[in-house]
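Numbering follows our numbering, in which position 409 of the sequence shown is assigned residue number 409; successive positions increment by one, without gaps.
FYI, nobody ran anything at the bench for these hints, they're computed from the structure.
A couple of the hints might just be wrong.
[Unchecked claim] Think about it this way: if two alpha-carbon atoms lie no more than 20 Å apart in a straight line, the pair counts; the simulated EDC-like pairs of lysine to aspartate or glutamate are:
| no. | residue 1 | residue 2 |
| --- | --- | --- |
| 1 | Lys106 | Glu64 |
| 2 | Lys85 | Asp418 |
| 3 | Lys85 | Asp322 |
| 4 | Lys49 | Glu195 |
| 5 | Lys148 | Asp182 |
| 6 | Lys456 | Asp418 |
| 7 | Lys54 | Glu64 |
| 8 | Lys386 | Asp344 |
| 9 | Lys343 | Asp322 |
| 10 | Lys106 | Asp95 |
| 11 | Lys343 | Asp314 |
| 12 | Lys485 | Asp500 |
| 13 | Lys85 | Asp314 |
| 14 | Lys85 | Asp454 |
| 15 | Lys374 | Asp393 |
| 16 | Lys54 | Asp151 |
| 17 | Lys216 | Asp494 |
| 18 | Lys456 | Asp322 |
| 19 | Lys293 | Asp322 |
| 20 | Lys62 | Asp225 |
| 21 | Lys62 | Asp182 |
| 22 | Lys198 | Asp225 |
| 23 | Lys293 | Glu412 |
| 24 | Lys374 | Glu483 |
| 25 | Lys386 | Asp281 |
| 26 | Lys386 | Asp365 |
| 27 | Lys85 | Asp498 |
| 28 | Lys341 | Asp393 |
| 29 | Lys374 | Asp314 |
| 30 | Lys489 | Asp500 |
| 31 | Lys148 | Asp122 |
| 32 | Lys54 | Asp227 |
| 33 | Lys216 | Glu483 |
| 34 | Lys49 | Asp151 |
| 35 | Lys62 | Asp500 |
[Stated by the list, open to error] Simulated DEER-style distance windows between Cβ atoms:
| no. | residue 1 | residue 2 | range |
| --- | --- | --- | --- |
| 36 | Ser57 | Tyr231 | 38 to 48 Å |
| 37 | Pro427 | Lys405 | 13 to 23 Å |
| 38 | Leu455 | Ser274 | 40 to 50 Å |
| 39 | Leu455 | Thr97 | 16 to 26 Å |
| 40 | Ser403 | Thr145 | 30 to 40 Å |
Cβ coordinates follow ideal geometry from the N, Cα and C atoms, glycine included.
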Amino acid sequence: MKTFFRLLALLLVFLLCVGFLGGCNGGGETDATTETSTTTEAPQERLLKLPYAKADSLNPYKAESMINIQLSTLLYDCLFRPDAKYNAVPVMAADYTAEGLNLTVKLKTGIVFTDGTSLTADDVVYSFKQAQTAPTYSARLLNFTAVKMLDALSVVFTLRSPEPYALNCLTFPIMKNGDTADIPAGSGRYTLTEESGKTTLAANAARLGGFSPQIKSIALVAISDSDTLNYALQIGNIDFAFTDLSSGSYRRINASSIGVGLNNLVFLGFNSASANLQHADVRQAISLLIDRKTVATTAFQGHARAAFTPFNPDFAGITGYDFVPDTINAVQLLEQAGFTKFKDNGIRYSGYNTTLDFNLLVNADNAFKVEAVKQIVQELMEAGIKVTVTSLDFNAYSAAVQSRKFDLYLGELMLTPDMSLNPLLAPGGSVSYGINTAGESGAAYRLYKDGTIDLKGFIDVFSVDMPFVPLCYRNGIAAYSRELKVPQKCNASDVYSDIDAWTF
């Protein structure tokens with residue numbers, strides 16, 4: 001019996017040893033397997049996804065959609081590009097000289113198109129002529145009458161009239177002379193590739209001066225129309241979307257966003273043919289009664305900047321200006337103009353029994369502007385000026401303004417990058433409805449442009465004459481996915497101006 005138990009014990013010891021050894025070998029295999037399974041490949045670069053309108057052209061002179069026009073700034077460079085303060089920053093230009101109505105620009109050497117050919121002055125001349133007839137660029141080139149090549153790397157532009165900031169308008173894209181391809185060769189920050197139904201952009205390593213963005217590859221995602229931009233951003237189809245808020249409304253979305261200052265002036269227009277608005281004192285009084293800051297922050301829901309002069313408040317030439325509503329001085333001006341009495345309804349009238357009672361036109365389709373008008377009506381009424389509002393759909397509103405069927409109207413003008421007020425103050429200006437362009441402001445503006453007086457001298461005359469009331473400059477919105485880090489330096493002339501610093 002003892003022998004039996006001794007044998008049984010030996011058997012158990014043997015089995016335990018086998019189990020232990022097997023466990024050791026198995027553990028080694030498990031460790032090796034674990035090491036293999038946890039080894040991962042280097043993460044692939046995250047593609048930036050930008051929207052583009054597939055049904056539209058990416059040729060900047062044929063593109064109609066804002067989406068593609070903005071994208072073209074990545075494919076093509078220009079001579080100068082205004083920064084956020086509207087200073088002209090050289091891009092393809094090396095130097096310039098201005099003499100009378102002639103503006104000579106010398107090109108940088110070593111610029112190469114994506115097809116390998118070198119930039120010459122011929123390419124600039126060709127591109128200028130294309131831009132003159134393109135909807136996006138034609139307005140800013142109206143003051144340019146001609147361009148010619150001086151030598152292989154120099155061109156001279158001729159102006160119609162003096163313009164201190166003409167360089168700001170030389171923003172048209174430069175493409176290869178005579179290139180008839182759907183997307184002509186450019187020399188911009190990125191190059192475009194279409195393959196297997198996919199459209200992508202790759203950083204242009206051959207760009208003069210080098211271009212080394214954090215994100216080197218961009219996938220272009222087809223968007224049917226601008227109305228679907230925010231939805232595409234929210235569901236992750238794209239990483240960036242810009243809207244100029246021209247619709248007059250904004251709906252918050254689940255994304256990061258920044259305001260982008262536009263060069264769109266919102267103003268209160270006067271009909272100088274209306275008897276009581278022929279008085280500069282009355283026009284100036286109306287201006288003093290309107291709180292611009294409240295228009296910008298409340299009526300436009302913060303998507304605007306108060307205007308203290310007719311020029312963009314971001315403009316480097318405008319410093320030291322502010323505006324505070326001044327009811328006391330406004331009333332003094334009204335009384336100085338003879339409006340010293342009140343009717344039973346609180347409306348001011350003069351000894352000639354003419355009342356300060358005006359009609360005001362507004363585009364009913366724009367909620368921001370409708371709210372602004374409500375504020376203006378209330379502020380003017382507090383000083384005894386009655387305003388009756390006529391809200392019309394855009395087409396009817398435009399027709400009424402063009403027919404001068406108004407005393408007042410709420411208007412908007414996108415100024416060209418040179419801050420030209422010609423559309424408002426020049427004879428025959430495109431939006432000079434109701435303005436006496438031969439008046440003091442128009443005359444002072446022409447003196448400013450030819451260098452006889454400085455910018456401050458013009459603004460001083462304008463502030464007294466007040467041919468229209470500058471209210472605010474609108475903002476757009478750049479929205480982007482929360483994973484994307486944007487330095488928030490983009491501006492209206494190029495919403496992708498800081499794309500080299502974007503990261504995930």
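Hints, verified against the model:
no.	hint	verdict
1	Lys106 with Glu64	31 Å, violated
2	Lys85 with Asp418	11 Å, holds
3	Lys85 with Asp322	17 Å, holds
4	Lys49 with Glu195	16 Å, holds
5	Lys148 with Asp182	26 Å, violated
6	Lys456 with Asp418	16 Å, holds
7	Lys54 with Glu64	12 Å, holds
8	Lys386 with Asp344	13 Å, holds
9	Lys343 with Asp322	34 Å, violated
10	Lys106 with Asp95	5 Å, holds
11	Lys343 with Asp314	43 Å, violated
12	Lys485 with Asp500	11 Å, holds
13	Lys85 with Asp314	5 Å, holds
14	Lys85 with Asp454	19 Å, holds
15	Lys374 with Asp393	17 Å, holds
16	Lys54 with Asp151	39 Å, violated
17	Lys216 with Asp494	18 Å, holds
18	Lys456 with Asp322	13 Å, holds
19	Lys293 with Asp322	10 Å, holds
20	Lys62 with Asp225	17 Å, holds
21	Lys62 with Asp182	9 Å, holds
22	Lys198 with Asp225	19 Å, holds
23	Lys293 with Glu412	17 Å, holds
24	Lys374 with Glu483	40 Å, violated
25	Lys386 with Asp281	17 Å, holds
26	Lys386 with Asp365	23 Å, violated
27	Lys85 with Asp498	15 Å, holds
28	Lys341 with Asp393	36 Å, violated
29	Lys374 with Asp314	27 Å, violated
30	Lys489 with Asp500	11 Å, holds
31	Lys148 with Asp122	9 Å, holds
32	Lys54 with Asp227	15 Å, holds
33	Lys216 with Glu483	17 Å, holds
34	Lys49 with Asp151	41 Å, violated
35	Lys62 with Asp500	26 Å, violated
36	Ser57 with Tyr231: 38 to 48 Å	24 Å, violated
37	Pro427 with Lys405: 13 to 23 Å	22 Å, holds
38	Leu455 with Ser274: 40 to 50 Å	30 Å, violated
39	Leu455 with Thr97: 16 to 26 Å	22 Å, holds
40	Ser403 with Thr145: 30 to 40 Å	32 Å, holds
Hints 1, 5, 9, 11, 16, 24, 26, 28, 29, 34, 35, 36, 38 from the earlier list are contradicted by this structure; the remaining hints agree with it.
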